[in-house]
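Numbering (the UniProt record's numbering), first residue to last: 1 to 138.
This list has only true hints and no planted wrong ones.
Capping the alpha-carbon separation at 25 Å, the derived lysine to any residue pairs in SDA-like fashion look like this:
(1) 45 x 124
(2) 21 x 39
(3) 47 x 138
The following label-pair restraints were derived from C-beta to C-beta distances:
(4) 118 x 60: 32 to 42 Å
(5) 128 x 36: 37 to 47 Å
(6) 32 x 132: 33 to 43 Å
(7) 34 x 60: 32 to 42 Å
(8) 38 x 125: 33 to 43 Å
(9) 24 x 108: 11 to 21 Å
(10) 4 x 132: 27 to 37 Å
(11) 122 x 39: 31 to 41 Å
(12) 13 x 104: 12 to 22 Å
(13) 102 x 129: 17 to 27 Å
Since the hints were made in silico from the structure, they are not lab data.
Model, not experiment: these values are computed from the prediction.
Built from N, CA and C at the ideal position, the CB exists for glycine as well.
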Amino acid sequence: VCSSDLSTIMAIATILDPRYKYQFAEWAYKKVYGDSYGIELSLFKEKLFALYGEYTKNSQGSSQSPYPSSSNAQGTLNKESQSNSFMQDFDQYSSHEFESVSKSELEMYLEESKLPRVEVFDVLGYWRTNEGRYPLLS
Numbered sequence: 001v002c003s004s005d006l007s008t009i010m011a012i013a014t015i016l017d018p019r020y021k022y023q024f025a026e027w028a029y030k031k032v033y034g035d036s037y038g039i040e041l042s043l044f045k046e047k048l049f050a051l052y053g054e055y056t057k058n059s060q061g062s063s064q065s066p067y068p069s070s071s072n073a074q075g076t077l078n079k080e081s082q083s084n085s086f087m088q089d090f091d092q093y094s095s096h097e098f099e100s101v102s103k104s105e106l107e108m109y110l111e112e113s114k115l116p117r118v119e120v121f122d123v124l125g126y127w128r129t130n131e132g133r134y135p136l137l138s
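Using the sequences and the hints, build the whole thing.
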């Protein structure tokens, strides 16, 4: 493992500590790289999201969702909307006109506020507790 890879691994580990998150990596990159920190930070962010993408791709087939199957819910939704063509028309309109890009778990996690730094903190306990919110990250 070269020092660049080790730095990336350490930065990712720090980001996954909810007391530090992305702000710590940003601060550290400013300290280490000076004026060119923006380029290095962008490269790091690309690696972070590429790693998350690989993990997501590899996890999709290997684990079952903790949520109920959407096919049952979809079936109920379809029956209700069939009885009202007006609402069915709205559903079709909204699905095409207002397609939203959903955020990944990583993006949602990074957007949340950091936790306060305390002397004793169980990072693994945090991820066990938040497994329902972040099943892939945990």
